[in-house]
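**Student:** Spelled out, the chains give:
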Amino acid sequence: MDKILEVRGLSKVFGKGCSQCFASTGPEFDTNICPHCGSVVAAHDLSFDLYKGEILGIMGESGSGKSTAVKNLYFDQMSTCGEAIFFDDDRQWDLFKLNAAERRWLRNHRYGMVYQNPNLGLNFGISSGGNIAERLLMSGLAHYGQIRERARELLQRTEVMIERMDEKPGSFSGGMQQRVQIAKALATQPPLLYLDEVTTGLDLSVQAAILDLILEIQRELNTAMIVVTHDLGVVRLLSSRVLVMKYGRVIESGLTDQILEDPQHPYTQRLVASAL
Amino acid sequence: MNTSMNYNFAFLDEYAKKEVRRSILKAIAIPGYQVPYASREMPMGRGFGTGGLQLTLSLIGVGDTLKVIDQGADDSVNAVNMRHFVEKVCPGIDTTTHTADADLIQSRHRIPELALTEKQIIALQVPYPDALVVVESSEEKRKIMHGEADYSRLLVKLYEDIVKFDEITVSHRYPTRINGHYVIDPSPIPRWDVPKMHMSAALILLGAGREKKIYAVPPYTVAEPLAFEDVVFRVEDFTDRATGERRTCARCGSDCSFLDEFIDSHSGEKIYQCSDTDYCDSQLALRGEDAHG
Chain C
1 MDKILEVRGL
11 SKVFGKGCSQ
21 CFASTGPEFD
31 TNICPHCGSV
41 VAAHDLSFDL
51 YKGEILGIMG
61 ESGSGKSTAV
71 KNLYFDQMST
81 CGEAIFFDDD
91 RQWDLFKLNA
101 AERRWLRNHR
111 YGMVYQNPNL
121 GLNFGISSGG
131 NIAERLLMSG
141 LAHYGQIRER
151 ARELLQRTEV
161 MIERMDEKPG
171 SFSGGMQQRV
181 QIAKALATQP
191 PLLYLDEVTT
201 GLDLSVQAAI
211 LDLILEIQRE
221 LNTAMIVVTH
231 DLGVVRLLSS
241 RVLVMKYGRV
251 IESGLTDQIL
261 EDPQHPYTQR
271 LVASAL
Chain X
1 MNTSMNYNFA
11 FLDEYAKKEV
21 RRSILKAIAI
31 PGYQVPYASR
41 EMPMGRGFGT
51 GGLQLTLSLI
61 GVGDTLKVID
71 QGADDSVNAV
81 NMRHFVEKVC
91 PGIDTTTHTA
101 DADLIQSRHR
111 IPELALTEKQ
121 IIALQVPYPD
131 ALVVVESSEE
141 KRKIMHGEAD
151 YSRLLVKLYE
161 DIVKFDEITV
171 SHRYPTRING
181 HYVIDPSPIP
191 RWDVPKMHMS
201 AALILLGAGR
211 EKKIYAVPPY
221 TVAEPLAFED
231 VVFRVEDFTD
241 RATGERRTCA
251 RCGSDCSFLD
261 EFIDSHSGEK
271 IYQCSDTDYC
281 DSQLALRGED
291 AHG
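Which chain is which? The protein sequence lines are C and X, in order. Counting in the numbering used here, the first sequence runs from 1 upward without gaps. Counting in the numbering used here, the second sequence runs from 1 upward without gaps.
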């Protein structure tokens, strides 16, 4: 299998930081706030590999640093330290050493992102079709007919009613908005897709439909995905491997079945026990 | 009245003129880039064309001939007052209404119909210098977008236009890419005038006094209006829907100029007339010669 992403020692600190931040926070101290300088250690020493077409789950409670990990890789935030390499077809991108233009290029051409809140991923001032057009235009397509056609295909694929493609997403239901967001993220056929709590806040039947859609897309396009969620059901359904995070640290990682059936870390044991 | 006794030549002090000229040079060096400058207080409200006026005043010298236009006309309020002001504070300059005779043209919202030459400079008065302001309210973010030549959101605006109306309906301030990078707001000139900027022989300067920005389209520079590969930019066609023919100027009969629409006060009907009064006069003179000869 080909590797698509390699992350080593990714850390993110909010605040001025001090020399003791990393040594005095974490699950064993039961905090991620440094007692010496008050900085928040949102993630520390995160390392993992992701292979082409694989779905990796990142699981944990709120504030455990799971979203931070994705935000750093998607350049919504700048990492404090660490290294990440994205393996493209013909070159390797050292993610945390890129300049702004390279980061933007990578976001537009190689990444897709679906946020929990459609407000972040979609522009509510323009139509759903326009949202997808925006992404295609960013990647350099400048043919109106082709853009329109591609937008129609994508919305059809994500089961959004085509008659409504010229309506603003604000008039859609939450599940529909999420589908438009997925269509937008897939517009450039990215090899890597980030999903940050995509089904949170949706009702169960819609959740199931969205998860089905994600799985189908993964099989069709062989897209690698990082799925951030607090929902064990989502992890069980989607991901083959999972990282469990607490206080910014990975406390356990392995195959999803193994982690969910035979958790080793006491926190994971509690997490699994409380959910099942 | 000898007001000029009390004021420096061209109203602005020499340091102010020097600063504006320096900004102009920078604007020419980076085609389409908005150069910030210390816009001076002028003895008229901001929004009256103080940006264009400061360009004119810092460039004009004794012996130069100036033409001032407002919406194509030499005799409308803005143009008349600006011309008076420049005449008052710049003793030794000439003013004209003939496009061909002018060294320097200050214009509000039009580029003359007569093709400008290498010897001429046109200074346009600009209310909103940034084309991205319609899609992004934060100037900080707009600067990054300009730097990265990220104009996809402007194209989305055009996409939405085509979806709704089957054509691009932007009538003026048409976003135009200069020299393959920066997209400018070419001031509220109609679409008709946008192709005149492309490979223009004359230097085109744009000044926004209130927004404190100067930018330029240097001579012989590529200026392409934003459009799609299959939905191209087009200028106003002035076709009469009833007859299917192009409307002509009711005064001079020209069928190849930008037309203004008037309501005839007697008949109540719409009539059309050249927006560029100097052009209209010259066409009328030509016609007169034809009639005589």
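I should point out that these hints are in silico values taken from the structure, not numbers from a laboratory. Incorrect hints may have been included.
Below, in silico cross-link-like pairs of lysine to aspartate or glutamate (EDC-like), each with a Cα-Cα straight-line distance of 16 Å or less [stated by the list, open to error]:
| no. | chain 1 | residue 1 | chain 2 | residue 2 |
| --- | --- | --- | --- | --- |
| 1 | X | K164 | C | D203 |
| 2 | X | K141 | C | D76 |
| 3 | X | K157 | C | E167 |
| 4 | X | K164 | C | D76 |
| 5 | C | K168 | X | E160 |
| 6 | X | K157 | C | E54 |
| 7 | C | K3 | C | E54 |
Covered by chain C, per the in silico footprint, the following chain X stretches (three or more residues, Cβ under 8 Å) [unchecked claim]:
| no. | segment |
| --- | --- |
| 8 | 29–38 |
| 9 | 225–232 |
| 10 | 260–270 |
Just so you know, these numbers come straight off a predicted model, no measurement behind them. Ideal Cβ placement from N, Cα and C applies to all residues, glycine included.
**Student:** Next pair to validate is K157 (chain X) with E167 (chain C); report whether the Cα-Cα distance is within 16 Å.
**Tutor:** It holds: about 14 Å lies between the C-alpha atoms, which stays within 16 Å.
**Student:** Is K3 (chain C) within 16 Å of E54 (chain C), Cα to Cα?
**Tutor:** Status holds; Cα separation ~10 Å.
**Student:** Verify this for me: three or more residues of the segment 260–270 of chain X with a beta carbon less than 8 Å from a beta carbon of chain C.
**Tutor:** violated (count 0)
**Student:** Taking a Cβ-to-Cβ distance below 8 Å as contact, does the segment 225–232 of chain X have at least three residues touching chain C?
**Tutor:** holds (count 4)
**Student:** Is it true that the CA of K164 (chain X) sits at most 16 Å from the CA of D203 (chain C)?
**Tutor:** violated, 34 Å
**Student:** Mind checking the alpha carbons of K141 (chain X) and D76 (chain C) for me, to see if they're no more than 16 Å apart?
**Tutor:** holds, 14 Å
**Student:** So if I understand the rule, the pair passes when the alpha-carbon distance is 16 Å or less; does K157 (chain X) with E54 (chain C) pass?
**Tutor:** violated, 37 Å
**Student:** How does the segment 29–38 of chain X fare against chain C when you require at least three residues with a CB closer than 8 Å, holds or violated?
**Tutor:** Three-residue rule not met by the segment 29–38 of chain X, so violated; n is 0.
**Student:** K164 (chain X) and D76 (chain C) were given as a pair; does the straight-line alpha-carbon distance stay at or below 16 Å?
**Tutor:** Status violated; Cα separation ~33 Å.
**Student:** Can you confirm whether the C-alpha distance between K168 (chain C) and E160 (chain X) stays at or below 16 Å?
**Tutor:** holds, 11 Å
The structure shown violates the earlier hints numbered 1, 4, 6, 8 and 10.
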